[in-house]
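Student: Residue numbers (the working numbering), protein chains in the order written: chain A, 1 to 305; chain B, 1001 to 1506; chain C, 2001 to 2306.
Hints were generated in silico from the structure; no laboratory data involved. Because the structure is a prediction, the values reported are computed rather than measured. There may be inaccurate statements among the hints.
[As the list claims (entries may be wrong)] Pairs of lysine-lysine, BS3-like flavour, derived with a Cα cap of 30 Å:
| id | chain 1 | residue 1 | chain 2 | residue 2 |
| --- | --- | --- | --- | --- |
| 1 | C | Lys2268 | B | Lys1389 |
| 2 | B | Lys1212 | B | Lys1501 |
| 3 | B | Lys1397 | C | Lys2268 |
| 4 | A | Lys62 | B | Lys1330 |
[Said to hold, decoys possible] Simulated DEER-style distance windows between Cβ atoms:
| id | chain 1 | residue 1 | chain 2 | residue 2 | range |
| --- | --- | --- | --- | --- | --- |
| 5 | C | Asp2089 | B | Val1321 | 47 to 55 Å |
| 6 | A | Ala36 | B | Asp1344 | 42 to 50 Å |
| 7 | C | Ala2014 | B | Pro1342 | 54 to 62 Å |
[Unchecked claim] Not the full set, but computed from the structure, chain B residues with beta-carbon under 8 Å of chain C:
| id | residue |
| --- | --- |
| 8 | Asp1050 |
| 9 | Ala1126 |
| 10 | Glu1128 |
| 11 | Lys1135 |
| 12 | Lys1179 |
| 13 | Arg1181 |
| 14 | Pro1196 |
| 15 | Gly1197 |
| 16 | Gln1198 |
| 17 | Ala1224 |
| 18 | Val1228 |
| 19 | Met1232 |
| 20 | Glu1383 |
| 21 | Leu1391 |
| 22 | Gln1429 |
Idealized CB from N, CA, C, for every residue including glycine.
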Amino acid sequence: MTDRSTEFLPAREHRSRRILWLARALAGDPMAVAAAIWLLIVVLAILTDAMSLLGDNRISLKARNLPPFDFGQPWTLWLGADALGRPLLVRLVQAASTTIGIALVTVLTSLIGGTLLGVVAGYFGGIIGNVIMRICDIILGFPTLLVALFGLYLFGPSVGNLVIVLAVTRMPAYIRVARAETLEVRERLFVDAARVFGGGSTWILRTHILPSVAPTMLTLASVNLAMVMLFESGLSYLGLGIQPPSVSWGLMVAQGQGYLSSAWWLGFFPGLAIMFTTMSFNLLANWFRIVNDPSQHWRLLSRRR
Amino acid sequence: MKKITAIHALSMGLAMSLAASVAIPARAAPDKLTVVVTDEPKSLDPCDTDLSGNSRILHNNITEALVNLSPKDGSVVPSLATSWRQVDSLTWEFKLREGVTFHDGKAFDATAVVAAVKRAQDPALACEVGQATLKGLKLNAEAVNPATLLIKTDVAEPILPNKMSALDIGSPATPGDAKTRTPAGTGPYKLVAWTPGQSVGLVAYEGYWGDKPAIPNATIIWRAESAVRAAMVDTGEAQIAYEIAPQDGTTGQDHAFPNAETSLLRIDAQIAPLNDKRVREALNLAIDRDGLIGTIFHKDAQKAMQVVPPSVFGFNPDIPVWTYDPEKAKSLLAAAKADGVPVDNEIVIYGRIGIYPNSSESLEAIQAMLADAGFNARLEMLETSPWLKRLLKPWNKDRQPSILQTQIDNAEGDAVFTLPNRFTTDGNQSTITDAGLDKLIADAAKATGDERKKLFQQAFKYIAIDTVNIAPLFHMVTIARVAKDVNYTPDVQAGNEIKLKSISYR
Amino acid sequence: MSFTYFLKRAAFAALALAALMTSAFFLVRLTGDPVNLYLPVDASDAAREAMRVRLGLDRSLLAQFFDWAWDMLSLDFGISLWHNRPAMDVVLEALPNTLALGAIALVLAFIAAIGMGSIAAVNSGGWIDRGVNVLSQAAASVPDFWLGLMGVLLFAVTFRILPTSGFGGPIYWVLPVACLFARPFGTLVQIVRGSMIEALNATFVRTARAKGARDGRVTFVHALRNALLPAVTVTGDLAAQFAGGGGVVEVVFGFPGIGKLLIDGILKRDFAIVQASIFAVAVVIFFINILVDMLYASIDPRVRVE
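Only chain A is shown next, with the shape it has when bound in the complex (with noise of 0.2 Å):
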C-alpha cells in the first residue's frame, strides 16, 4: 500500500517528503483547498473562545432577535442576538465545539472500537466471531435513526450518551469492513509465515493485521465524520441530543423553528455553518481517499491538463 522506496529513508526525511507530497497534493485541488481553510477558521474561533476573548455571553433580553447585519453594533452582534439576547455570533462559535468536538470523539471511539471488533472477528472467527456478528447484523436491521431514539430515551439526553448511542450505531459498519480486510490479510503469505515462525496472536495482531487494515479504516472514518455530525444535528433537531443550556447547531437551528416567521437569521446561520463543515469535512475526506489510494493519484495531478 505505502510507498516502498521510502521506507529505507531515515525517518525524519521520509515524514518531510511526506508532508511537501501532501501539501503539493492539497494544492492540486482548490476544493479541498478551501475546506481546509474554513476548517481552519472554525477550529480558530473555537480556540478564541475557549481562552474567552469572544467577550461577553450574557442573557439579555433587551437584545432579544437583534436582527443581523447592523454593523453600528459591536462586531460580535453582526449576525444578529438570539432569542435570549446574546451574540449569534458567539453562541455559533460554542456551538461549534460541541458540534464538531462531539462527532470528533464519537468517530474516534467508533473507529478504535469498531476495528479492534472487526479485527477480533476475522482473526479468531469462532463463537465470539459470529456474536459479534450477529449483533452487528441486528443494530443494522434497526432504523438508524431509531437505534438512537432508544438509546436516548433509556439513558437519557446528555452528551456522554449522545455519543455513546452515535458510536453503537455507527460500529458495525468498522466491524464489517475491519472483519472483511482482516480476513484476507490473514490469508496472505506473510502473516502465514509469521504463524509458521511461532508468532503470538497478539503480535501478528499487532504488527501485521492492524497496520494493513488501518489504511482503509482511516477512510472510512474521515467520510464518517460528515455524517455523524449531520446525524448528531438531525437527533438534536429532534430534541433528543444536546439539551439547553448547551448548544449545539442542530439544536440551535430546532430552536431557531419558533422564530422562523419572525428571526429568520436564528435557524439560518446554524444551517450553513452545518453544511459548510460537513462539505468541508467530505471535500478533505474525498481528497484523504485519494491521497491514499495510489492508483487514483492522477487525480490530484493531471488536474491541468
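Please build the complex by placing chains B and C on the supplied structure of chain A, with the hints as guidance.
Tutor: Below, chains B and C without anything else, positioned relative to chain A:
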C-alpha cells in the same frame, strides 16, 4: 405483497408529483373553515373531555353537557338542561331540554343521561372525566321521567352543576365496553371523519336544537410549530390558528386571551437547601418577572401571586406580587448559609419541552437570574413522560433539590379543582405536609357561598406567604391568529373549546 | 435468482427479525411506563394501578414477553394506546406514504444524478464540472431538516406558493420530496461522476482513442454502464434508510409517514405502534435488498447471485 404496495405507491406518487407542477394551493371557500391546533386529539370519546386537546373538538361542537359555564363570570347557564335545583344535600334535580336528538337519530332524554353518567364513571373505561373532573365523587343518576333527572352524590357536592358542565352526553348507542372514535352527540356539528395523523372533519348537524352554525363545514388540523401555524393563516391554509408564540403574535390579526392557565415553578420544599423558607423566598425575589413579560412571555400575561387566575371562585386579590430584588435574595441566602443551610448544593430546574411557547427560553433566562442571585442551579429539559415522573409521587427519598416548571389549568372555575392534589398532604403532586392547610382546604371544599370563598382565599394566602413552596410566574394568555375575513373573538374558554357555531365569515 | 436462494435468505431474515423484535420488546419497555401519560395528572393512584392491570403492565416482564411472543406468532401486534386501534392498521396507513415519498425522491435523485454526473464527467476539469461538483457536495452536506425549514420560510411564508406542511394533494409533496432529494442526489452525482471519469480514462478507451477512434456513443454508454453499478448499490442503501422513514423531514412537515409515527410512538410510549412499525420497516428493507440484488444481476451479468 409489500412489493406491490410499494410499486403502487410509487406510481401514484410519481403521478402526483407530475401533477404538482400545475396545481394551485386551495383557498378557503365561504362554506368551509379550517382551524389549526397544536396536537391531534388523543380521544374523541364524549367521556374524555378533560384534556383540552379533546374538548376543543368535542365540547359544544359535537357533544354537549347539561349545563355550560358563562365565559363572562363563570356562572352556570343552561344547555341540555333547562333548569336545576338542589333537592337535599345529596340530591340534585335537572329538567332536560325536550325535542333534542342525537346525530345518530336517537332521542335525548333522561335515560340517555343516566347511561352517559354511568359510562363516564366506569372504572374499566378509565374515562378522563370520571378520573379527573369527578375524582372521588360518586354520581348516581336516575330518570324520573324522560324530561326529569335526579343525580345523587355520595358526599355533599355544593358545586355539582359546575362539575356537570364537564360531563358531555353522548348517544346511548355509544359502546359501553370500549372507547369510541366516532362520537355521536347533540351538538351543532357532527363528525364526518377522523383521519388519524391528518385531520378531523365536521359538518353542521341539520337537526340541531339551537341556532344553526354559519359555516357548514369545519376541519381541524394540527401542527406542532407555532411559526407554521401562524403562517398557515397567512397562506390561507387555515382561518384560525391557536397557540401562536409571543414572537409571532404581533399582528393585528392576533388576539390574546387569558386561557385559565397559570405558570409556576414548583419548589420541592422537602429537600435541603429548599426546605429553608428563606431560600424559597430568595428564589422568588431573584426572578425578574417584569423582564420576562413582553419578551419571552406575551405582554398581556399577568404577574401571578397564586395558582389560579382571577376568574376562579376563591381567588384572593390581596396577596402582594413578588418584587424583583436580587440584593435581598442574596442577603436571605447569606443568612441561611450562616445558619448552616447548604445553599451551595446544586438545584436542578426541571423543565418540560413545549409546555408553553418559549418554555425552554424562559427557563434559560430564569436559570441565569438565579445564578446572578447566588444560586447553584442547573437546567434539565425533559420530555413529557420523564417530566411526569418528577411531577407525580412517589419520589425518591434521596432526590436532588429541585424546582419544576409546570402550569396549572382551572377552566372549571372553582378553586377545589386546583388545591387538594397540589397542596395537601395526600395530594399526588404536593411537596408539602401541613395539617393546618389540609384542614383549611377540606373545610373550604365542603362550604358554600361566601364562607367557601373566604376559606379558599385564606388557603391561597397561606400558600403564598407561609409555605412558599411555589414561585408563581404568570396568568397566561393564548394567542389565536384569525384570518381577516373571519368573524371570531376568542373568549376565556377558548383554550378548552372552539365555539365553531359562533364563527362566521365577514 | 433461484427459489431456494430466496428461501434461504428469507429464513435468515426471519431469524434476524425475531432477534430484532425481541430486543425491541425489551428496549421499548425500558423507556418507561405509559400510564402517567395516558391519565389526567389528577387521576388517583388506584386509577393508575387499574390501568396498569388493564394493560398487563403489572405482571413480570417475562410473563409479558411470553404473551407477546405468542401474539406475534399469529401476527397480532396489539392495540395502539394512542390511536386506540389495531397497531398494524395504523402502520399500514403510514407506510405507503413513506414509501411513496422515499421512492419519488430517490428516483428523481437517481435520474438527475445520472444526467448531471455524466455531463460533469464528459466535461471533466471544465467549469461545468466544477459547478456540478460544488453543487453536489453542497447537496450531500445540507441538513435535510434545515433545508425543509428554509423551504417553508421561502416558498410558504414569503412567496406563499406552497403549503407550509401537511398532507393532501400533490402540492404537499413538493417540499418534503425536495428535502429528501438533496442528499441522495449529491452523493449519487459524486459516484456517477467519479466512476465515469475513471472509465473514460481507462486504458482501453485511451488506446481506442489513440488508435483514432472517435469519441462515440459506444465509449459513453460503456462508461455509463460502469457508473450504474455503484450508483445502484448506493441507491439501494439509501432506499433501505428511507424505508425507516424520512424521520426528521416527516416531522418538519407533519407528513403522516412511518418515521413520524415511530417518533411519536416512542414519545407517547405507544409500545404496540413502535413494535409494529419496526416489523413493517424490517420487512420492507428485506424486500428492498432482494430488489437491489436482482437489479444488480440484470445490470451486470458477471454478478452471480449464489
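Student: Run every hint past the structure and note whether it holds.
Tutor: Now the hints, each set against the structure:
1. C/Lys2268 / B/Lys1389: The hint holds at about 14 Å.
2. B/Lys1212 / B/Lys1501: holds (7 Å)
3. B/Lys1397 / C/Lys2268: This hinted pair holds, its Cα atoms lying about 27 Å apart.
4. A/Lys62 / B/Lys1330: The hint holds at about 24 Å.
5. C/Asp2089 / B/Val1321: 47 to 55 Å: holds (53 Å)
6. A/Ala36 / B/Asp1344: 42 to 50 Å: Between A/Ala36 and B/Asp1344, where Cβ atoms are some 46 Å apart, the hint holds.
7. C/Ala2014 / B/Pro1342: 54 to 62 Å: Given about 58 Å between the Cβ atoms, the range holds.
8. Asp1050: Holds. Min distance 5 Å.
9. Ala1126: holds (6 Å)
10. Glu1128: It holds, given that the least Cβ distance between B/Glu1128 and chain C is near 5 Å, below 8 Å.
11. Lys1135: Holds: closest Cβ of chain C sits about 6 Å from B/Lys1135, inside 8 Å.
12. Lys1179: holds (6 Å)
13. Arg1181: holds (6 Å)
14. Pro1196: holds (6 Å)
15. Gly1197: holds (4 Å)
16. Gln1198: holds (5 Å)
17. Ala1224: Since the shortest Cβ distance to chain C is 7 Å, the answer is holds.
18. Val1228: holds (5 Å)
19. Met1232: holds (5 Å)
20. Glu1383: Holds, about 6 Å.
21. Leu1391: holds (7 Å)
22. Gln1429: holds (7 Å)
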